[in-house]
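A.B. asks: Take a look at the letters that make up each chain.
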Amino acid sequence: MGMTMSQKILAKKAGLAHVEPGQLINADVDLVLGNDITTPVAIDELEKYGFEHVFSKTGIAIVLDHFVPNKDIKAAQLSKRCRDFAAKHGIVHFYDVGRMGIEHALLPEQGLVAPGELIVGADSHTCTYGALGAFSTGFGSTDMAAAMATGKCWFKVPAAIRFELSGKPQEWVSGKDVILHIIGMIGVDGALYQSMEFGGEGLRHLSMDDRLTMANMAIEAGGKNGVFEVDEVTRAYIQGRVNRAYEAFMPDDDAAYARVIEIDLSSIRPTVAFPHLPENTRPVDKAGDVRIDQVVIGSCTNGRIGDLAAAARLMSGKKVADSVRCIVIPGTQQIYREAIRAGYIDTFLDAGCAVSTPTCGPCLGGYMGILAEGERCVATTNRNFVGRMGHVKSEVYLASPAVAAASAIRGKIADPASI
Amino acid sequence: MKAIGTVFKYGDNIDTDVIIPARCLNITDRRELASHCMEDIDRTFVKRVHPGDLVVGGFNFGCGSSREHAPMVIKENGVSCVIAKTFARIFYRNAINIGLPILECPKASDSIQDGDEVEVDFDTGIIRNVTRGETYTAAPFPPFIKEIIDANGLLNAIRKKGQQS
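Protein sequences, first through last, are from chains A and B.
Using the working numbering, you'd call the opening residue of the first sequence number 1 and step up by one each time.
Using the working numbering, you'd call the opening residue of the second sequence number 1 and step up by one each time.
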């Protein structure tokens, strides 16, 4: 029996010719990631158990992004703990304020991710890198500590769902709409313990930014990872970023899948996930009259240049509705500069948006856009759980940057085509 | 090893943001952090819970963030075991890695009600509902995972192996 993309990568990294779903393996990892919230807990664990060395100075990335620039003294202490640890161990890929970005926007941009690599991170959205044909998945701080000490991690080989993509998306339909549509279809545990593998002739219509958004939200369907076939779009993206040898793994023709789901991209409408689960999706046409107080455009899901371009295209010459605060957060320093040069930041400022340095801030209710009781926000982020962005009685509606921008202008959830 | 206590029952898709909200993740003191456990869906949980008590959920318990703070605060509140129909995979790993016993048992999740007295035998996977006089059986841990639990966590297991080799 043939293997899926995930099986092939895991087999290679475990030094095995073949692996089967359900098999427990110990594999070599290419990169271990942590952030300012999860890394301090991992450092505590390493110290508690007396591990004094890390497996590699270049095989670890630590990105301060959740509560930076530090929101309070406690957050500053967490950042300092990471900074001291990185200095002590000579961690090469340590990203601090002024050079950082939101981790899952930053690592692919900096060429730290290549096809066929095995990447683990103490952040659930580590699954993002599957967009480049890597196997990447989130885990916790103790796992991070173990991986930093040994360069290895245990895995249960997942079964896979194959998503066969066809057709071309409609105007204003992005990777965000596709993944929200899929989560609405299979549910927040529809891919529990499984891989989500994307391929098919429709793939060529999805930009790298679209794919990063889709792989990013595999976890919102319960997925262990989301992985895309490597094609010309992938190769064009990594050109000039990745200078090391890499191997692109395609699935075998006779690979076994738990399910095969066909997705006609041309049939998908701009899609919104209503509170309080990402599976509560509706096409924007059926959103009804939902008045909003805030819009957030950014995050590891949708803070890339293509996302800002889509929002700026709609906001050009328009104003954010008087009743709405619109917060725009470029994902990395490089994206920020690119957005300035392209004129997007001027467009946002002219429209009445607040523009921030990169941070995860509002997505997880940390700071930089906390909601009051009863307030509603359209956000390009990834979760709309109870209390996620602030008060327990506030509401988050997940959408694409285009829907978010259109909604900011209208003051209610709106179809980008109506602008 | 056995656990006995009162059950706190919750529904499906109990996410890590309600187990421990992100606004609390700047707190490093474990006792203080634990005092916010479940507060967004059950303000009285931390006041009512006693050492040994159990948490029972439905499908996809612990979905969302990778924060290890979630199983950590449940354990810190003295909870002896979490039983659910299914667990989100990162929560599952994290619980095992920090030594919080968790069991998948759909029948137990359906039958056990909030406030029931329940006894769990981790060696056999047998869950006894004292209040209702019922018994349910959970699948035992695979040997690889049992090794981590027996070593009282992943890093101890690695240490032990390293010393042996």
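Check before you lean on any hint, since a few could be wrong.
Take a look, some chain B residues computed to stay more than 10 Å from chain A by CB distance [claimed, not checked]:
{"hint": "1", "residue": "F59"}
{"hint": "2", "residue": "S66"}
{"hint": "3", "residue": "G78"}
{"hint": "4", "residue": "N97"}
{"hint": "5", "residue": "S111"}
Calculated lysine-lysine pairs in the DSSO-like style (CA-CA distance at most 27 Å, straight line) [as the list claims (entries may be wrong)]:
{"hint": "6", "chain 1": "B", "residue 1": "K146", "chain 2": "A", "residue 2": "K152"}
{"hint": "7", "chain 1": "A", "residue 1": "K156", "chain 2": "B", "residue 2": "K47"}
{"hint": "8", "chain 1": "B", "residue 1": "K75", "chain 2": "A", "residue 2": "K12"}
{"hint": "9", "chain 1": "A", "residue 1": "K156", "chain 2": "B", "residue 2": "K75"}
{"hint": "10", "chain 1": "B", "residue 1": "K161", "chain 2": "A", "residue 2": "K156"}
{"hint": "11", "chain 1": "B", "residue 1": "K85", "chain 2": "A", "residue 2": "K57"}
{"hint": "12", "chain 1": "B", "residue 1": "K9", "chain 2": "B", "residue 2": "K161"}
{"hint": "13", "chain 1": "A", "residue 1": "K319", "chain 2": "A", "residue 2": "K412"}
{"hint": "14", "chain 1": "A", "residue 1": "K48", "chain 2": "B", "residue 2": "K75"}
{"hint": "15", "chain 1": "B", "residue 1": "K47", "chain 2": "A", "residue 2": "K412"}
{"hint": "16", "chain 1": "B", "residue 1": "K9", "chain 2": "A", "residue 2": "K393"}
{"hint": "17", "chain 1": "B", "residue 1": "K75", "chain 2": "A", "residue 2": "K74"}
{"hint": "18", "chain 1": "B", "residue 1": "K107", "chain 2": "A", "residue 2": "K88"}
{"hint": "19", "chain 1": "A", "residue 1": "K57", "chain 2": "B", "residue 2": "K75"}
{"hint": "20", "chain 1": "B", "residue 1": "K47", "chain 2": "A", "residue 2": "K393"}
What follows is a set of in silico ranges between Cβ atoms, one per label pair, in the way DEER data are often shown [what the hints assert, rightly or not]:
{"hint": "21", "chain 1": "B", "residue 1": "D42", "chain 2": "A", "residue 2": "V92", "range": "43 to 51 Å"}
{"hint": "22", "chain 1": "B", "residue 1": "P51", "chain 2": "A", "residue 2": "V92", "range": "17 to 25 Å"}
{"hint": "23", "chain 1": "B", "residue 1": "K47", "chain 2": "A", "residue 2": "D289", "range": "39 to 47 Å"}
{"hint": "24", "chain 1": "A", "residue 1": "R337", "chain 2": "B", "residue 2": "P143", "range": "47 to 55 Å"}
{"hint": "25", "chain 1": "A", "residue 1": "G288", "chain 2": "B", "residue 2": "G162", "range": "20 to 28 Å"}
{"hint": "26", "chain 1": "B", "residue 1": "P143", "chain 2": "A", "residue 2": "S323", "range": "46 to 54 Å"}
{"hint": "27", "chain 1": "B", "residue 1": "P143", "chain 2": "A", "residue 2": "E171", "range": "52 to 60 Å"}
{"hint": "28", "chain 1": "A", "residue 1": "R99", "chain 2": "B", "residue 2": "D110", "range": "46 to 54 Å"}
{"hint": "29", "chain 1": "B", "residue 1": "T28", "chain 2": "A", "residue 2": "R99", "range": "33 to 41 Å"}
Please keep in mind that the hints were generated in silico from the structure rather than gathered at the bench.
For each residue, glycine too, the CB sits at the ideal point set by N, CA and C.
A.B. asks: Could you run down the list of hints and mark each one as holding or not?
C.D. replies: Against the structure, the hints:
no.: 1; hint: F59; in the structure: violated, 6 Å
no.: 2; hint: S66; in the structure: violated, 4 Å
no.: 3; hint: G78; in the structure: holds, 20 Å
no.: 4; hint: N97; in the structure: violated, 4 Å
no.: 5; hint: S111; in the structure: holds, 21 Å
no.: 6; hint: K146/B with K152/A; in the structure: holds, 19 Å
no.: 7; hint: K156/A with K47/B; in the structure: violated, 38 Å
no.: 8; hint: K75/B with K12/A; in the structure: violated, 37 Å
no.: 9; hint: K156/A with K75/B; in the structure: holds, 25 Å
no.: 10; hint: K161/B with K156/A; in the structure: holds, 20 Å
no.: 11; hint: K85/B with K57/A; in the structure: violated, 41 Å
no.: 12; hint: K9/B with K161/B; in the structure: violated, 38 Å
no.: 13; hint: K319/A with K412/A; in the structure: holds, 14 Å
no.: 14; hint: K48/A with K75/B; in the structure: holds, 18 Å
no.: 15; hint: K47/B with K412/A; in the structure: violated, 40 Å
no.: 16; hint: K9/B with K393/A; in the structure: holds, 22 Å
no.: 17; hint: K75/B with K74/A; in the structure: holds, 23 Å
no.: 18; hint: K107/B with K88/A; in the structure: violated, 50 Å
no.: 19; hint: K57/A with K75/B; in the structure: violated, 33 Å
no.: 20; hint: K47/B with K393/A; in the structure: holds, 22 Å
no.: 21; hint: D42/B with V92/A: 43 to 51 Å; in the structure: holds, 44 Å
no.: 22; hint: P51/B with V92/A: 17 to 25 Å; in the structure: violated, 45 Å
no.: 23; hint: K47/B with D289/A: 39 to 47 Å; in the structure: holds, 41 Å
no.: 24; hint: R337/A with P143/B: 47 to 55 Å; in the structure: holds, 53 Å
no.: 25; hint: G288/A with G162/B: 20 to 28 Å; in the structure: violated, 59 Å
no.: 26; hint: P143/B with S323/A: 46 to 54 Å; in the structure: violated, 59 Å
no.: 27; hint: P143/B with E171/A: 52 to 60 Å; in the structure: holds, 55 Å
no.: 28; hint: R99/A with D110/B: 46 to 54 Å; in the structure: holds, 52 Å
no.: 29; hint: T28/B with R99/A: 33 to 41 Å; in the structure: violated, 25 Å
Checked against the numbered hints given earlier, the structure breaks hints 1, 2, 4, 7, 8, 11, 12, 15, 18, 19, 22, 25, 26, 29 and satisfies all the rest.
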